[in-house]
Amino acid sequence: MWLARPLQERSTQLFLGILFLALIAVTALHLALPEGHPLHVSAYTVTLLGKYLCYALLAVAVDLVSGYLGILSLGHGAFFALGGYAMGMYLMRQIGDRGTYGDPVLPDFMVFLNWQELPWYWYGFDMAWFAFAMVLLVPGALALVFGWLAFRSRVTGVYLSIITQALTFALMLAFFRNEMGFGGNNGLTDFREILGFNLRSDATRLGLFIATGIALAIGYVVCRGIVTSKLGRVSVACRDAEARTRFLGYRVERVQLFVFVVSAMLAGVAGALYVPQVGIINPSEFSPIFSIEIVVWVALGGRATLYGAVIGAILVNYAKTVFTGVMPDAWLFALGALFVLVTVFLPQGIAGLLRKRRKTTDDGSGPSDAPTTAEATA
Amino acid sequence: MSIPRLLTMLLFVLLMAPVGTAMAQQDDGSGEKLLEQLADASPASTEEALQAIAASGHERARAWLEAYGNNRLSRVKDTGEIVIVLNNRGRDWTVADAVTGENLGEMSRRDLDRIAINNAVRRQLAGVLAMLDLYAEDPEVREEAARDLMGKVDEAVLDPLIGRLDEEPVAAVRNRLEQAVAIYRVEQEGSIEAVDVLAGSLHPRARAALNSAVASENPALKAAAQKALLSVEQKLKMNRAAETLYFGLSLGSVLVLAAIGLAITFGVMGVINMAHGELIMLGAYTTWGMQQLLPGQPGLALILSIPAGFLVAALAGIAIERSVIQFLKGRPLETLLATFGVSLILQQLVRTVISPLNRTVVTPEWMSGSLVINDALSLTLNRMYVLGFALLVFAGLMLIMRRTRLGLEVRAVTQNRAMARSMGIKATRVDIMTFALGSGVAGLAGVALSQLTNVGPNLGQNYIIDSFMVVVFGGVGNLWGTLVAGLTLGTINQLLEPWAGAVLAKIIVLVFIILFIQKRPRGLFPQKGRAAEG
Chain A
1 MWLARPLQER
11 STQLFLGILF
21 LALIAVTALH
31 LALPEGHPLH
41 VSAYTVTLLG
51 KYLCYALLAV
61 AVDLVSGYLG
71 ILSLGHGAFF
81 ALGGYAMGMY
91 LMRQIGDRGT
101 YGDPVLPDFM
111 VFLNWQELPW
121 YWYGFDMAWF
131 AFAMVLLVPG
141 ALALVFGWLA
151 FRSRVTGVYL
161 SIITQALTFA
171 LMLAFFRNEM
181 GFGGNNGLTD
191 FREILGFNLR
201 SDATRLGLFI
211 ATGIALAIGY
221 VVCRGIVTSK
231 LGRVSVACRD
241 AEARTRFLGY
251 RVERVQLFVF
261 VVSAMLAGVA
271 GALYVPQVGI
281 INPSEFSPIF
291 SIEIVVWVAL
301 GGRATLYGAV
311 IGAILVNYAK
321 TVFTGVMPDA
331 WLFALGALFV
341 LVTVFLPQGI
351 AGLLRKRRKT
361 TDDGSGPSDA
371 PTTAEATA
Chain B
1 MSIPRLLTML
11 LFVLLMAPVG
21 TAMAQQDDGS
31 GEKLLEQLAD
41 ASPASTEEAL
51 QAIAASGHER
61 ARAWLEAYGN
71 NRLSRVKDTG
81 EIVIVLNNRG
91 RDWTVADAVT
101 GENLGEMSRR
111 DLDRIAINNA
121 VRRQLAGVLA
131 MLDLYAEDPE
141 VREEAARDLM
151 GKVDEAVLDP
161 LIGRLDEEPV
171 AAVRNRLEQA
181 VAIYRVEQEG
191 SIEAVDVLAG
201 SLHPRARAAL
211 NSAVASENPA
221 LKAAAQKALL
231 SVEQKLKMNR
241 AAETLYFGLS
251 LGSVLVLAAI
261 GLAITFGVMG
271 VINMAHGELI
281 MLGAYTTWGM
291 QQLLPGQPGL
301 ALILSIPAGF
311 LVAALAGIAI
321 ERSVIQFLKG
331 RPLETLLATF
341 GVSLILQQLV
351 RTVISPLNRT
361 VVTPEWMSGS
371 LVINDALSLT
381 LNRMYVLGFA
391 LLVFAGLMLI
401 MRRTRLGLEV
411 RAVTQNRAMA
421 RSMGIKATRV
431 DIMTFALGSG
441 VAGLAGVALS
451 QLTNVGPNLG
461 QNYIIDSFMV
471 VVFGGVGNLW
481 GTLVAGLTLG
491 TINQLLEPWA
501 GAVLAKIIVL
511 VFIILFIQKR
521 PRGLFPQKGR
531 AAEG
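Quick note, the sequences are listed as chains A and B, same order. To convert, note that position 303 of the first sequence is 303 in UniProt numbering; the numbers rise steadily by one, no gaps. To convert, note that position 417 of the second sequence is 417 in UniProt numbering; the numbers rise steadily by one, no gaps.
For reference, chain A alone in the conformation it holds in the complex (with noise of 0.2 angstroms):
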């Protein structure tokens, strides 16, 4: 069984281990110590923490295509911002009547624009099954079709990148419309409650924290498990000589397509579960900018070890926090400089240094999943 595999891994397991161990801390911080003491773990904080597993899940799925399947996709925000808004619909519906108009069935801001009835593509989103179905399924079918239509005629490198980016893109001008029926410019907001708990309670933050914590792992266990098996092997054969896999017989383009789909999803699920905590979805997220940012933390971290993009989203988007809390006009140049730096500095990332450090220790690791610069410039 290909999921049952990464289990027995001992990197799997470790990091499993701690991030089960960082959820404990952190459940264990927030509840049992009072509030002034000075390891409690504020709500805020849990909240925080949440938004950083979020992104630590896209990045994962990132890394899935980025560093397994060699395309760099500058469009996962889309797919990110996709399940967050099937999220957000569902979030919108369960208002209810205690939105400002009191309309029993159209959102705020349908009242606002004199919509009169809901638009059908809003149907089935006041049912939690639906909605969060569509979190899989929306993204998964703009990848299907989007990767079907780009793999098919051979279309990889930077073409890729430029027309993912292109998508994000044009996704971005499209959801700012008001006439498209997802809130303009100002997004989807003010949700009250998800399957019953109330948003702004701290139990529920806390429980959403450790749901995203859960989805992180069962993410990164399914893409341990897709890149240990067979089909990974071929997905790494593909980033490293595309055409020599094709020649060898293998149908790439279904293999790019399953890995770009499955990578997809996780990014919607991720969105999915970010737009509770934050509380607000807007198009935005869909910004190129964001999406190439993504792409950055998986560099920093280290490309192809599914850990680095976890390390590095959580590093990139603490010192965000950080930053814009103190220095707001340095956030840029940092953001910039790490650009920069990381990648002609440090082109396998925090990971390729652990590595390193480990080799000198103990010689003879086995190879490694990670591209080589000379196979990447192949």
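The hints are simulated quantities; they were obtained by calculation from the structure and are not laboratory data. Among the clues, some could well be false.
Here are the in silico distance ranges between beta carbons for each label pair [said to hold, decoys possible]:
id: 1; chain 1: B; residue 1: Gly270; chain 2: A; residue 2: Leu113; range: 41 to 51 angstroms
id: 2; chain 1: A; residue 1: Leu113; chain 2: B; residue 2: Gln292; range: 13 to 23 angstroms
id: 3; chain 1: A; residue 1: Ala241; chain 2: B; residue 2: Trp366; range: 55 to 65 angstroms
id: 4; chain 1: A; residue 1: Met180; chain 2: B; residue 2: Ala242; range: 25 to 35 angstroms
id: 5; chain 1: B; residue 1: Glu233; chain 2: A; residue 2: Met180; range: 26 to 36 angstroms
id: 6; chain 1: B; residue 1: Leu379; chain 2: A; residue 2: Leu113; range: 35 to 45 angstroms
id: 7; chain 1: A; residue 1: Trp129; chain 2: B; residue 2: Ala242; range: 52 to 62 angstroms
id: 8; chain 1: A; residue 1: Thr324; chain 2: B; residue 2: Leu293; range: 33 to 43 angstroms
id: 9; chain 1: B; residue 1: Asn416; chain 2: A; residue 2: Leu113; range: 54 to 64 angstroms
Note that beta-carbon positions come from the ideal geometry of N, C-alpha and C, so glycine has one too.
Fit chain B to the supplied structure of chain A, relying on the hints for placement.
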């Protein structure tokens, strides 16, 4: 005073003579009398007084009438002298003698008695002022005046207008006058011959007159008006198409300018420079800086900005190439990320050093305004200059790539780096020069863009995705492809806009390119031969 003008004046005077007794007093042409007459006029005789002033040909007639319309013509209570108020702020107003124009200094506003005007008179005044210009020496001023008269003709000006029509020497002005008269005829008299005159006019007022004629009860008039309207609509449609095409080409030229530097760095060198947009921004800010250095001479500053913008952007490009890109040779995806980082730094730098707000770049006089083709079509000059500039830059680049040593070397290195190096070409130097050239062209794009859009830190970001689309659509490594792709995309965008709205048009174009890339992954004009497999 020229002879024809003297003659027309005389004729006008003759025409006006039977209008009223008041006219008789004007013979001496004395300004005071004319003004007295206006100031003393009862509401009924005001118009006569106005006409008298218009017909007097007094050199200050315009100043009087305008002052009258602006409530600035006053009479000094004590002396009865008529003055023009120059500044009516505060308690003491600056006044000038109406007849001589001499500044009389300040006067308390209590000593002044405004010569009253009502709205009915103000309407007449507009017509009279327009008539005044019909006697100007400059035919362009006359034409402008005739255009202003369209739809404003009433009984009072009709006769002098027809008189004027007979002796107007310039055909274009006569044409205008005829149309102005015809509008009156169609609307007031239901004249069918006048409808035919209007059939050729694109002026909205003429169309309105025809529309009102269509609604009339006279079947002959109705039929004639319908026919005329149809031909007008036809012409309008043509003009609208021409306008869309112009805007499309203009947008396209902007895209070409923004993308052509990219076509060199991305297409020829294979380097993805995400900071390209910021190089454009640097060019635009150079223009702004130049104008700060040379206050009051926006035109000179703009012309100097062309070499300056090129230099600034080229130097910045060299800095980027030396500090980042040279270490990432052969790793396009890493280059993309690193240069994106550079773009963030440059943006923030501008925000911190200059300002996060948009800066104003002045458009020099010779670039503002528009070229009026007819009533329905006028082409803005700044866009025309940018279009020409884009074509010039393109031609220049073509020359460099095809006819110079540098171009030869660049093409050689692109096709086969190892071979070129063994032939003695310094590949590193060529890299630097190519990158500098591409970046410099981005700077030129910035100089041009500063005339069309806001100059702000986000200027570059707005163009980077579009530029990539143009390069990819046109085919990487092909300057002609970039030109065709840029102009095509610009035109498509403009064609879609009235139908779909600006944002949706942009989305449709993006989706179109995404689909197009599936069909032809190497763009409109793919590179052929060995280089293509790179």
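Measuring from beta carbon to beta carbon, are A:Ala241 and B:Trp366 in 55 to 65 angstroms? holds, 59 angstroms
A:Trp129 versus B:Ala242 beta-carbon gap, inside 52 to 62 angstroms or not: Cβ of A:Trp129 to Cβ of B:Ala242: about 57 angstroms, so the range 52 to 62 angstroms holds.
Cβ-Cβ distance between B:Asn416 and A:Leu113: within 54 to 64 angstroms? holds, 60 angstroms
Please check whether A:Thr324 and B:Leu293 have a Cβ separation lying inside 33 to 43 angstroms. Hint holds: Cβ distance 36 angstroms, inside 33 to 43 angstroms.
Take a look at whether the Cβ-Cβ distance between A:Met180 and B:Ala242 falls inside 25 to 35 angstroms. Once the Cβ atoms are compared, 33 angstroms apart, the range 25 to 35 angstroms for B:Ala242 and A:Met180 holds.
Verify the CB-CB distance for A:Leu113 and B:Gln292 against the hinted window 13 to 23 angstroms. violated, 44 angstroms
Given a hint of 35 to 45 angstroms, does the C-beta separation of B:Leu379 and A:Leu113 actually sit inside it? holds, 38 angstroms
Return holds or violated for the Cβ distance of B:Gly270 and A:Leu113 against the range 41 to 51 angstroms. Once the Cβ atoms are compared, 47 angstroms apart, the range 41 to 51 angstroms for A:Leu113 and B:Gly270 holds.
Could you check the hint for me, namely that B:Glu233 and A:Met180 are 26 to 36 angstroms apart, CB to CB? For A:Met180 against B:Glu233, whose Cβ atoms are near 35 angstroms apart, the range 26 to 36 angstroms holds.
Of the numbered hints listed earlier, the single one contradicted by the structure is hint 2.
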